[in-house]
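**Student:** The lines below spell out each chain.
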Amino acid sequence: MNDRERIDEYLRDEVPPDDAVVVVRGGPIAAEKLIEHAQRQARGYTYRGEPMFSISVSLTVTGWDLASLLAGPLSSRSTYALSTVGTVRAAGFDLLPTYEAPHYDLLLETGEYSEAERLLSLFSAPESNPYKRRGR
Amino acid sequence: MSAPIEVDIPCDPTQIDHTGLPWAFLDEAAHPDRIMQGAIVITGDADDPVFARVASLTEKSSGVTVHLEILPGDPLDYVEAMRRAHLLTA
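So the sequence lines, in the order shown, correspond to chains A and B. The first sequence maps to residues 1 to 136 in this note's numbering. The second sequence maps to residues 137 to 226 in this note's numbering.
This is chain A alone, in the form it adopts within the complex:
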């Protein structure tokens, strides 16, 4: 087994409220992509001593609204989907404040297909990112 990095060293001291914060996942919005990204993260990182299956999400925490997320950290993504902190937490998924705000890691237990599908069911249908426009 390789020596993965410990994510614990990169956590911020931040707890977003359940009802006020939107969770934004950049596209493509597909279970296969969530698995691919979660497995890559688990190959490189651990959380509490275990492989860290997670996907990156952006949250509308202080200083960030949806427009600034779509024009900033998600500007390369053609599509996005929305949920709320309360919704994903109530379904048993935890959010870790990693690196710099507004970045969070949304933790999965296994990184398996059924779990990724269950997570996706908590998000809206994919929408187009208006801030990724082709110039004319």
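It is possible that part of the hints are untrue.
Counterexamples of contact, computed for chain A against chain B with all Cβ distances above 10 angstroms [claimed, not checked]:
1) 13
2) 21
3) 27
4) 44
5) 49
6) 57
7) 65
8) 74
9) 81
10) 82
11) 86
12) 88
13) 125
14) 130
Covered, in the sense of this in silico footprint (three residues per stretch, anywhere, with C-beta under 8 angstroms from a C-beta of chain A), are these stretches of chain B [what the hints assert, rightly or not]:
15) 154–162
16) 166–178
17) 185–199
Don't read these hints as lab results, they were simulated from the structure. Just so it is clear, CB atoms sit at the ideal spot from N, CA and C, and this is done for glycine as well.
Using the hints, position chain B against chain A.
**Tutor:** For chain B alone, kept in the frame of chain A given last:
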């Protein structure tokens, strides 16, 4: 029939680390020998490809990590600009 899109190195452009940059594993690259510091590559995935510049390669026990600087705009924007300048036919 057009050829399927093949990115140089797949990544999630939103999956950053402490550097603030997205990253990928070198051994996932279609042609790892093309992935060198400063190289312009296509990353993301076939459904939503983007241009990036290879910022660095770092040897880790989990594999060689490639940090990528995502370039703005859509890859087709660059093609259109090159067509306007006749760079593709020069």
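**Student:** For residue 65 of chain A, which was marked as not at the interface, is the minimum beta-carbon distance to chain B over 10 angstroms?
**Tutor:** 17 angstroms, holds
**Student:** Far enough from chain B: is every CB of that chain over 10 angstroms from the CB of residue 81 of chain A?
**Tutor:** 12 angstroms, holds
**Student:** Does residue 21 of chain A clear chain B by more than 10 angstroms, comparing its Cβ with all Cβ atoms of that chain?
**Tutor:** 17 angstroms, holds
**Student:** Beyond 10 angstroms from chain B, beta-carbon-wise, is residue 27 of chain A?
**Tutor:** 6 angstroms, violated
**Student:** For residue 57 of chain A, is the shortest beta carbon distance to chain B beyond 10 angstroms?
**Tutor:** Non-interface label fails for residue 57 of chain A: nearest chain B Cβ at 8 angstroms, not farther than 10 angstroms.
**Student:** According to the definition I'm using, a residue is off the interface if its beta carbon is farther than 10 angstroms from all beta carbons of the partner; does residue 13 of chain A meet that for chain B?
**Tutor:** 16 angstroms, holds
**Student:** Is the nearest CB of chain B more than 10 angstroms from the CB of residue 74 of chain A?
**Tutor:** Residue 74 of chain A not clear of chain B: closest Cβ-Cβ about 6 angstroms, inside 10 angstroms.
**Student:** In terms of Cβ atoms, is chain B entirely out of 10 angstroms range of residue 88 of chain A?
**Tutor:** 16 angstroms, holds
**Student:** Is residue 49 of chain A truly not at the interface, in the sense that its beta carbon sits beyond 10 angstroms from all beta carbons of chain B?
**Tutor:** It holds; residue 49 of chain A is separated from chain B by about 15 angstroms at its closest Cβ, greater than 10 angstroms.
**Student:** Could you let me know if the closest chain B CB is still more than 10 angstroms away from the CB of residue 44 of chain A?
**Tutor:** Incorrect as stated: the minimum Cβ-Cβ distance to chain B is 5 angstroms, not above 10 angstroms.
**Student:** Using C-beta distances, would you say chain A covers the segment 154–162 of chain B, given that this needs three or more residues below 8 angstroms?
**Tutor:** holds (count 5)
**Student:** Between the segment 166–178 of chain B and chain A, are there enough contacts, at least three residues with CB-CB distance under 8 angstroms, for the coverage claim to hold?
**Tutor:** violated (count 0)
Against the hints set out earlier in the document, violations occur for numbers 3, 4, 6, 8, 16.
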